[in-house]
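Colleague: Chain by chain, the residues:
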Amino acid sequence: MAERSFTHEVGKLRLGAGEEFRGEGILAVTKALLQSGVGYVGGYQGAPISHLMDVLSDAQGLLQELGIHFEASASEAAAAAMLAASVNYPIRGAVTWKSTVGTNVASDALANVASGGVTGGSLVIIGEDYGEGSSIMQERSHAFAMKSQMWLLDPRPNLESIAAMVERGFELSEASNTPVMLELRIRACHVYGSFIAHDNRPPPFTLQDALDSPTRDVNRIVLPPASFLHEQEKINRRWPAAVEYIARHRLNEFLGGAAGEVGIILQGGLYNTLIRALELLGLADSTGDTELPLYVLNVTYPLIDAEVIEFCRGKKAVLIVEEGQPEYLEQNLHTILRKADIATRVIGKDVLPKAGEYTGDVLQRGVRAFMRAYAPEQLDRATPLLPPPPAEAPKEVQALAPLLPIRPAGFCTGCPERPIFTAMKLLQRELGQVHISCDIGCHLFSILPPFNLGNTTMGYGLGAAGAAAFNAPRNKRAIAVMGDGGFWHNGLTSGVGNAVFNQSDSVLVVVDNGYSAATGGQDILSSRADNRSKSTKHPIAEAVKGVGVKWLRVIDRTYDVGRMRDVLREAMTTPEKGPKVVLAASECMLNRQRRERPAFNKAVAAGERRVRERFGVDADTCTGDHSCIRLSGCPSLTIKPNPDPLRQDPIAHVENSCVGCGVCGEVAHAAVLCPSFYRAEIVFNPSGWDRLLQRLRASVIGFFQRRAERRRLRHAF
Amino acid sequence: MRSEPRPISIAVAALGGQGGGVLADWLVAVAELHGWIVQATSVPGVAQRTGTTVYYVEVCAPPRDPQHRPVLALMPVPGDVDLVVAAELMEAGRAVVRGFITPDRTTTVASTHRIYGITEKSAMADGIVDANAVYAALQSRSKRLISFDMQVLADEQGSVISSILFGAIAASGVLPFPRALYEQAITQSGVAVKTNLAGFAAGFEQALQRSPMTSLVPPGSGPTTDLGRKIDARISATFPAHLHGLLQQGVKRLIDYQDGDYATLYLDRVREIPDSGSYALTAAVARHLALWMSYEDTIRVADLKTRGTRFNRVRDEVRAQSEQIVYTSEFMHPRFEEACDTLPAGLGARLQASSTARRWFAPLFRKGRQVRTTHVGGFLLLYAVSGLRRWRRGTLRYRVEQERIGAWLAHIKSLATRPGGYDAAVELAECQRLVKGYGDTHARGLKNYGVIIDAVQRMSDRADLAAIVKRLRTAALADEEGRQLLMTLDELKVAA
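If you read the sequences in order, they're chains V and R. Its first residue numbered 1, the first sequence is counted upward by one per residue in our numbering. Its first residue numbered 1, the second sequence is counted upward by one per residue in our numbering.
Just chain R, same shape as in the assembly (with noise of 0.2 Å):
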């Protein structure tokens, strides 16, 4: 056996569509202009649509005896990789699963950006998974880790992750080849080669830095107004200082959804909640109380619609060049039941009753209706409906969910003044977590919290409760169809 040079051998780990190929193409390229062998291979396929691919590369510089080329691997081999490419920081945490990344070897170059995984994105509730394990695990396991939000680099360049990949290879040093030959491979492919090579070399500047993960802490402002002073002087002087932050949330919210009288009704409400000494009670009130007072009617949709600063996010988010004119059609659908919300209560409660006012309306409420609000007629529409704001009051839809919100914080209390309560009554203020939405979702959601409010009447005695309302209130997240929640229910009794 002679001791000939080993390969370099690259693991580049792609999500479908985000360039992995291009990468591997470049790869190639740039090892060829510098005159060393080079074997790239791939198992593409269905994974193309949506799935993972990792592309394997090695590279090796050319033999001292010609007839003696290197024999080139076609996939990676735990343990014997040197550089792990990843383009989303989940598929960084499966490298290291399937061993490709070791301590004494691997270097990794990695976007910290999440695309998120089917799982995550149709939980119902908060289904994203931890990415600090995955980004603890990647810092003990690699031998060096190069990693900051590419995605982000490239949309400030204009560019796509692959270049900025490319220059966090070229500056990660872990190849032997010059920053010139990477250019010259891009300009080459002949492909965007502008915004790819500065791509390239934001990646390559950003690298050299090794940025760490920023965390992020959004301080909160203070009072604008005489009105604000006057609640938040209210605020410091009743309630403990950490609370202070979540309660300027929630009057800040109900100010700008009603007016200051509803906001000192919060106050009030949150200040009767009976509380030790950890407050951890009044803190899941505070929460759940400002979104449940402040429940999505078609007043509050038809204001947040119509807001000039709504019209400039969605130019932001659309990307629109200041040139650019931006048109926008809501989808709304809104049912007899919406329409009758908006009512005087007394009017919309007799109609919503009558079965013949439902049948008699129904054809207007059959369709979902596309509104342009960025047109005359349209905006009007809206404006006209968030008008109906100082009437809120009057409606029907205030009136049923005061009733609600009465209800669920007398059962909060009742709970949390009984003996070893508290904790039942902290997740039970978390139950409110459920109704939320609108249309199907809204009545799924009261209809899985009315369940878990009737079995802790009933289950009122239990020492477990804060936990059996947990376990529920996860159960009823689980899926749509309430099978989990029936199941868990069953075994509670089975149990009891």
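If we strip away everything but chain V, and leave its shape as in the complex, we get (with noise of 0.2 Å):
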């Protein structure tokens, strides 16, 4: 089950003809899908994306209907090798992930599939994780797209023209023989618009005529003498086919006035913001009416030199907007222009920031910049919506930003994964530090406050890969981790097979929470839960023993602090070879409370005894150290001003998000700290039983309660 159930939204891929469709962006490329009579959808879950996959989990029923086959890959790589279904028949295939991380992962079967080519229509859908809330290095896809020659569409972020794209693109790629990579911006896979649906239609030619007759051509295989002719047939026939689609479908477009000495061409999913900064220049209106002619790539990769050459003609100078870096567009702008002998200038990142996203902000100042320099009777004509921002901030704002509190992203309340590194802190104290190696996941949280935890992470599943080199003679061993998640993804492999065939003697911690809990909780191989459609419950361990692991400890209750820190000495400091793996299992606490929560109120609500268990500081003894927070980090666990005159210091409080995991206490205990921490447990309609007993506990304890609170107030102040 993923975090979220998306039955609602399968409704929506349900829409026929002349339906609005509402919703996101991701999920309107979803319906594009099933109305460009897809036969296969394949991918990997993560941010800007999992939605696509998350919505096909839960719409088997559909999917079955229209005869498609999803398949949640096991990496982008798998993902992208589905692919291969398309090379010898009409189907088409469509797969996703999130890029750039997703696309190195998949590019070795990317490379493939684009240098034989395809017959059925090929389309790779793109989370680009860049800019303001990004969570991977930044880089661009477009690299990708150059390098294997497949086309790259970045259409214009409004529902109508995405769900268009789509269909467009399988065309596209059907004309050219070629993948073709549809670019969608992490806002643009999020935001909610409408466009209006056609039918789903079913493939007309199925996965299953295709077993029933297969076909080979020997020359769609990468293998000498036909990788040869495929790198020719890229040239010489794929390519001029893709620009004659490309211009005779006018997927780029041509916007704004036709005449003036200055134009604008920009990436098609940078086109709302452009306009809303021209908006505020006074250079256009708010439906996007500018006398300034644009030309919107909606492809970006070709580029069309004659659509080029025709909107630059005669210009004196012309602004391209590209965002991220190095500037592809710009270079090829100028190699166009300049064979063609036209001697407009490109102007792009001199006006415009080298690196980082194209905000609206950032776009206003290139575009005046621009418009100052090569048009400046336009600029000045126009009214301008807002004044110039001012060079530097107001004091009192400048003043303000060094004072605001960091929010790094943090284990969530509960976490099973917090105790694994508050363990792992409390080992250091006794070891000295320790190298560590990390993974992609959520316990790469621990490399921030307050854990402060880890060293390098080398992308998913390379957690054990990125302690390789520190197999060394040595007297302590380097940590690595890895979630279950990263482990299918290669870990197994790339990580635990790697070590034991090297006889590393590094110790490798597995998280394993039951999902993959990162990207939305998505089911994985191990997953504890059943799943209707998929295959479960394969115990990382048994896996880990397969490939020849001999030194394995399982801790199937996190929470315990002592435990976790006692198994992670004993990995570290035994003198067995080989690699000790340390497998940490507890169901991630997001996903266990949406199920349990919902039950336990439904029980309370019926009158069954129910007891919830919270954790609390006492007010009285906390003394405001905060040791507690420094080795934990939850969310519930806050600090609020003293209540005490005297002491000045604020004092550490318990909220009442607080699942009762247990930590608190564990760490309290495993780290000596204080007895400030109490365990409460709320007993839900109590029984005639649970009310006798405490009745009798309460009339002894009573009793001294009183008798105590007589002689304070006789000798209070």
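Careful, some of the hints might be misleading.
[Said to hold, decoys possible] Computed footprint of chain V on chain R; a stretch qualifies when at least three of its residues, placed anywhere within it, have a C-beta under 8 Å from a C-beta of chain V:
hint, stretch
1, 160-167
2, 189-197
3, 365-377
[Unchecked claim] Below, in silico cross-link-like pairs of lysine to aspartate or glutamate (EDC-like), each with a Cα-Cα straight-line distance of 16 Å or less:
hint, chain 1, residue 1, chain 2, residue 2
4, R, Lys367, V, Asp560
5, V, Lys640, R, Asp454
6, V, Lys640, R, Asp149
7, R, Lys413, R, Glu317
8, V, Lys640, R, Asp126
9, R, Lys194, R, Glu156
10, V, Lys640, R, Glu317
11, R, Lys367, V, Asp566
[What the hints assert, rightly or not] A partial selection of chain V residues facing chain R, derived with a Cβ cut-off under 7 Å:
hint, residue
12, Ile186
13, Ser194
14, Phe195
15, Arg276
16, Leu386
17, Val397
18, Arg614
19, Arg630
20, Ser636
21, Pro686
22, Trp689
23, Phe704
24, Ala716
Rather than coming from a laboratory, the hints here were simulated on the basis of the structure. Built from N, CA and C at the ideal position, the CB exists for glycine as well.
Bring the two chains, given one by one in their own frames, into a single complex with the hints.
Modeller: Here it is, written out as structure tokens:
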């Protein structure tokens, strides 16, 4: 079960011709796939495209009706390899992932499929995780399109354009026998909007048809001499076919005015931001109407030379609005114009930043600088809606910036991964600092406050491989961390198998929370839940032993901080050779609460006896040192002003959002902290027996408490 | 270019889990119910896990010509935001810093409550950011500011902060939608409709009042017993008026901790502090001496844990309903040291020094214990320990702490009487703040305190001694490992 249920969204996928689809950008893509007669869909979850996967995963019924095969692939490479089904057969296929990280993983298969070419339309939908909200290295997917010669679509970020471009993308792919990439930025994936739907189409040629009568063409396989043929084909046949299709169907748009000395060429995905910038400068209205000629590249690779020349001819200068670096488009424009001997100046990253997201503010400044230099009269004629921004922020604003507390991502309330790192921190008190190789997943939050643990992260599933070099004679071992998601993605081979084969002496902690938690709680091979359409419950421990690990410890309750620390200590100090694997397994609390909380509330409402546990801090005994927080960082463990008029430091405080995971108490014990923590068991709908016992206890305790209270009052101030 | 209506832009800043997404959904719904065009987007991802997310919504009247729909932006542009909604005070501050709040355009709807950042929480003393600076900036940068503690209101209504914010947005009048449509948006979403509507109404009403931030001035209460009146009379007769409140708190605490004689000892000690006209030193000693003299030994902890008032406080804190039963387990980890501390001084000291005894009793103290104070056995155990109070003066811990206090006061007095040493004495008095907590935490604090005392003695002739002590104290609170303190000491040595 994914984090959210998408039953409501699945309903939207059934809309027919003429009906209005309302929802997120990435769901519009999903709907458009069904309208395009897609035969199969695969992918690997990750923001910002997770919802595409999650919705299809919940849409099994609909997919079966249409005869579409959906696969939650083991990795992006596995997803990309699925496109092999479109090589020999006229079957449309789509795969999706987060980019550039996913494209990195997929590029082996992508390069192969792009080399041999495709018969059926092949669409690679990539969530370009760039700019604000991104969680990965800042790179462009553009380079992958160029190196493998796949076409890259970058539609205007409204649902109508996005959905249309899905269908056009398949046609382009078929017209040029080339896989096509459709790039959507984070905000475009999450944008709420609407478009008019078409009917869904079952694939005209099905996977079953292919299996019934397979065909093969040795020239589509990447092996000499065909591989040399492929390169010639790309240049001499597929490229011209693509250019012809793109130009004929006007995939790129010429908007704005026709005349003028200057114009703007832009990536389609930046259209809305650019229009807002123009509007604020007084150069466009709110509907995007402008005198400035705009050439909107809904296809950013390849560029159509004839269109570029047509747009630039007669202009003094054009501004190229291209996000990220290197500035491939800008370079390409220069080449095209130079060869055509057109003198139009190309201005890009001279007035716009060389790196970083192009926000409304950035584009406003860039366009103003461009216009000031090349069309000053036009700029002066315009009435800007905003005064030019001051060179620097007002004093009170500047003073504020350093004050504001940072808010790094952290473990959720009750997260089972927290105690693993608490234990590691406690162990470091005994062993000194340890080199820690991290991975991708929620557990990577260990590198941030308050844990500050971890040296490097080399990619998904590569935590163990990242520690491989440290297999040197020493008295202190390195620790590698890997999640269950990364483990099945590739860590089993690149990490565990690699360590066994190379007789690595390092320690690997595999965090098994039962889900691919960071990407939205999707099931994976080792998930312990039942899943109607997938095979789960394949234990990681079996796989680890299967590849030859001898030293394995399984902790099935990570909240036991003391035990966790003891096992880690053993792994770090045992004389035994070979990789030492600690499997730390407790269910992701976010998913557990999603399941258990409604059930608890239902039972309580029905009058059943239930006990809720949560923790608290005694304001009286807490002295405000916050050691507990430095070993935890739980969102529900916070501070509040000290109620004691003499004490000045804020006290620790547990909020009612506490789920009673028990880490606070375990930490207080393991680290010998303080006696301020208490666990409260709140009995809902107590039984008669409960009430009787409670009355008895209260009468004894109350007697002594009243006696003590009387004495205190007598001897009070 | 035509003159089509401009969209109204709304930025919602919320922390993960605060329901910013729900609020954005409601805004979309209310705009659509009104027949307006709406677009919303966000950049969730890992930020959802305790980070900040800005949800951005634009609403626009339908165009006169349906062929010319507005092009709506996907992110706020500084200077071009009509409404900023912040579900926490610092996030409102962040909106100011990002330029989203500008005096000529922006109405700000912000909750003034705090969700502390990890650096504020994990500081070794008081790391809380100055809220007044943020509030002042909000006031000066907003065209209109609607702010109050919305979390408290949400708790009162049994609702969530997003419903209060939604009510305040409706009341702000920035969006031209009638109240009924907002309520319809909540109703049709179908989730926790009753409490969300209650929260909405409360937020709406409160926003109309535009209440300012409340400031807190807790008044002290006078003595209640003959003992108290006697001691209070002494305070009034001996000390200047502006110290009375502080000293009352001090004696109140120490009577509660031990008895009237102990409070008298406290006043005797404060009385001996040589002071100039400012009484800054007396005030500092009065505060920190009371805290030190009420050091948290096992007797004190057992006493505080077994009180009836404490039981009621726990019930309140966990929000137990009257018919529910609450059981508590205390997480305690007494060590061999604490046991010796509670014994008569002679015996305790001998045992503590004996490695054989330590080895013998070690298994008893290896593990932490959970004591169920709401059960008869656990309660009586702690109650009995709290009863050791009357023998406290004979315990090892008492002897040790009184010696430490005596030495501390002697340092302060000797510094204060030295020419130019007064300010340094005040700073040294403040150093009691380092010695707090239990177990390892207490040991670490004590060690740092000792390092500073040594430094003070070495550098007692330095003219800038006060600044040095303050610097060392701050350094001691910078990290657990004492790295900053060592570095500062080195720097001072080099400078000397």
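Colleague: Now, for every hint given, state plainly whether the structure supports it.
Modeller: Hint-by-hint comparison with the structure:
1. 160-167: violated (count 0)
2. 189-197: violated (count 0)
3. 365-377: It holds, with 7 qualifying residues against the three required.
4. Lys367(R) with Asp560(V): Since the Cα atoms of lysine 367(R) and aspartate 560(V) sit roughly 13 Å apart, the hinted pair holds (cutoff 16 Å).
5. Lys640(V) with Asp454(R): 34 Å, violated
6. Lys640(V) with Asp149(R): 15 Å, holds
7. Lys413(R) with Glu317(R): 43 Å, violated
8. Lys640(V) with Asp126(R): 10 Å, holds
9. Lys194(R) with Glu156(R): 14 Å, holds
10. Lys640(V) with Glu317(R): Holds, because 13 Å separates the two Cα atoms, which is no more than 16 Å.
11. Lys367(R) with Asp566(V): 13 Å, holds
12. Ile186: 5 Å, holds
13. Ser194: Check failed: Cβ of serine 194(V) comes no nearer than 9 Å to chain R, outside 7 Å.
14. Phe195: Phenylalanine 195(V) check fails; min Cβ-Cβ to chain R is 12 Å, beyond 7 Å.
15. Arg276: 4 Å, holds
16. Leu386: Constraint on leucine 386(V) satisfied, holds at 5 Å.
17. Val397: 6 Å, holds
18. Arg614: This hint holds: arginine 614(V) lies near chain R, its Cβ roughly 6 Å from the closest one there, short of 7 Å.
19. Arg630: This hint holds: arginine 630(V) lies near chain R, its Cβ roughly 5 Å from the closest one there, short of 7 Å.
20. Ser636: For serine 636(V), the interface hint is violated, since the closest Cβ of chain R sits about 10 Å away, which is over 7 Å.
21. Pro686: 5 Å, holds
22. Trp689: 11 Å, violated
23. Phe704: 5 Å, holds
24. Ala716: 5 Å, holds
Violated hints, in rising order: 1, 2, 5, 7, 13, 14, 20 and 22; the structure is consistent with all others.
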